[in-house]
Each structure stands twice: as C-alpha cells, then as structure tokens.
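Chains as they are written, first to last, in this note's numbering: chain A, 1 to 115; chain B, 116 to 231.
Hints in this document: simulated from the structure, not taken from any laboratory. Hints should not be assumed to be uniformly reliable.
What the hints assert, rightly or not - Under the rule of at most 27 Å between Cα atoms (straight-line distance), these lysine-lysine pairs were calculated in the DSS-like manner:
1. B:K173 <-> B:K184
2. A:K1 <-> B:K173
3. A:K1 <-> B:K184
4. B:K164 <-> B:K184
5. A:K57 <-> B:K173
Since the structure is predicted, the reported quantities are computational estimates derived from the model, not experimental observations.
Here is how the chains run, residue by residue.
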Amino acid sequence: KAGVTQTPRYLIKTRGQQVTLSCSPISGHRSVSWYQQTPGQGLQFLFEYFSETQRNKGNFPGRFSGRQFSNSRSEMNVSTLELGDSALYLCASSQEPGQGFYEQYFGPGTRLTVT
Amino acid sequence: AQSVAQPEDQVNVAEGNPLTVKCTYSVSGNPYLFWYVQYPNRGLQFLLKYITGDNLVKGSYGFEAEFNKSQTSFHLKKPSALVSDSALYFCAVRDPTNTGFQKLVFGTGTRLLVSP
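The following block holds chain B by itself, in its conformation from the complex:
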C-alpha cells in the first residue's frame, strides 16, 4: 500500500528566505505525486504534480518540487518565502495502478509559518 511521510509538523522561515517542506513516499511502481495547500477554513488548493518527465516540476505561486527516485522524496521548495505562504501543506501520492483510480493518500501535513 502506498504511503506518504511529512517528517516536520511545522517549518519556520523568515520572509525572503528559501523554504523547503519535506515529503517522502512509499509506493510500488512509479508514483504520481502532488502538493496541496490549505488555508484556514478552506479546502485544498492544488500546487503542483509529478507524473513523469523532468524531476524538477514548477507549480503555482512560485513553488517547485524536486522528485528524487533514489531517495523516494518529493520536497516542496520556494526560493523566496512570503508571509502569505503561511498555511498547511500536504503531500499526496496516487497509486498509478488501475485499482487505485483517483484515490489520494495524504501525508499528515506540515504547517509553514513565514515571519515578517
């Protein structure tokens, strides 16, 4: 069964500094990986995905993520953090086999706090 781990409950970074939110996954075969962000009292917003191709994927709001197959990681990054980036970030994996269909397995989430 597929799983995702987000080892940090919270990440603190100063505005203007680069940020990294970590994610590792476990899945048989080639994974489909996603990052979502959740603001208070809101649903999840899609940021980016890795399906195949380049290991560095770019997404919304200046975020990018690097897929590393050997380390089974998919860390979310941004070169310069904004206070408005403060939110809850979720990494998710989808089983690429047919039986998984659209089911996403989510990590526990990482709270990002960007200080002015």
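With the rest of the complex left out, here is chain A:
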C-alpha cells in the first residue's frame, strides 16, 4: 500500500497570505489528523477528521481550518499567515480503533516558511 502523501512538500509564503495543504491518507484509512511541528512548541495536534466531519480540534486560532472529502483526502488551510506559522505540518491517517488498530501513520510533511 502506498503511504500517506502530502503536497506540496515545501512552501514559501509571505505574511498575510493564505495557504492550503493537502493530504491523501493510506487507502482504507478514514481518519485523518493534522499536527504542527516547530522547534519551540514541538508536535501539537491541530485537528482530526473522520467521515468528512471534524471530530476534535486543538488549541489553534480560527485561522487554521480544515476539511475532509468523501474519498478521505483532507486539506488544511491557514489564512492571514504569520511568521510564527512557519513549521512542518504533518498529516497522519489511521483506521478505526474498533477494528483493533490504534496507531497513526504519518506523511513526510509540508515544510511551510512564512517570510
């Protein structure tokens, strides 16, 4: 099976712009989560989607949003970019725990640099 794919891998944006990141989960995985990784804050949970519904959201401002499509692919959007949004954004997919699976599988990430 192909792994989690994320596009683009690298992005450079200017303050005030907006950006959309894309994630394609492993085939058959219906849950997609997003995390932000920075040197200062480490790995922080952004949100999780399942069946096109946001199930959980981390402590991030409303500028961070996401969605999931019927094929389980997910996008996240950051509006009005700030310098502090520079980070590695990781997407992870998983099967439902009811099927006995609990681990998440991560994509390679999108490195966002805001100048």
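Following the hints, complete the assembly by docking chain B onto the known chain A.
Okay, now just chain B, sitting in the frame of chain A:
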C-alpha cells in the same frame, strides 16, 4: 489532561551497546502509548504501541518498550544499537476516552546519537 515527559534531550550510546530512551506519562485511566522515530526531513515512523496485555512490547527494527504502570513509564529499549538508529524519538499518549479520538499528545523528543 494527558501528558508525556521525555526527560533527556539527547542520549549518546556506542554502537553495539544497549540503549534506553525514557518516557513517563500522565493520563487518567489506562493509556494507549506509542513510540515514533523521525529522521531528518522526514515524517514520523511508527515503532511500537502498548494498548493492553503484555508489559513488554516488541516493535520495528529490533526496538522494544516496557510498560510500567506503577512508575507510569514506557521506556524504549534496544539490546544492541546501530549507527543508523541515530534519529529523533518521540513518545506519545492517546487518551482512551471517546472524546480523545485519535489525538496524540507527544513528548518533546529525545535525540539518539549512536557513535561508531
């Protein structure tokens, strides 16, 4: 709220020697615990998990971890380290209650450096 602590920023070990990367957790109820590894410019790779059952769990690349409920620890171990094990290791906990769903709370990471 659940939390994870990795007390060591870096662990240095010589190739061939055993290695231990420490992790302690705080969560109400029975935890779901995970170890991930991150190589430079890469995402996180799943190593192993503890959900229930045997306290010693085995994972990928010869790694294993021991769950200790009384000490609330989940240390990662390997009997014989390889230079290629050098990477950043993250311990994570998932809240087993429904409201947590798939959200993982990560430790700050421990850099493992294996010298030849």
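Here is what the structure says about each hint:
no.: 1; hint: B:K173 <-> B:K184; result: holds, 17 Å
no.: 2; hint: A:K1 <-> B:K173; result: holds, 23 Å
no.: 3; hint: A:K1 <-> B:K184; result: violated, 35 Å
no.: 4; hint: B:K164 <-> B:K184; result: holds, 15 Å
no.: 5; hint: A:K57 <-> B:K173; result: violated, 32 Å
This entry does not satisfy hints 3 and 5, going by the numbered hints stated previously.
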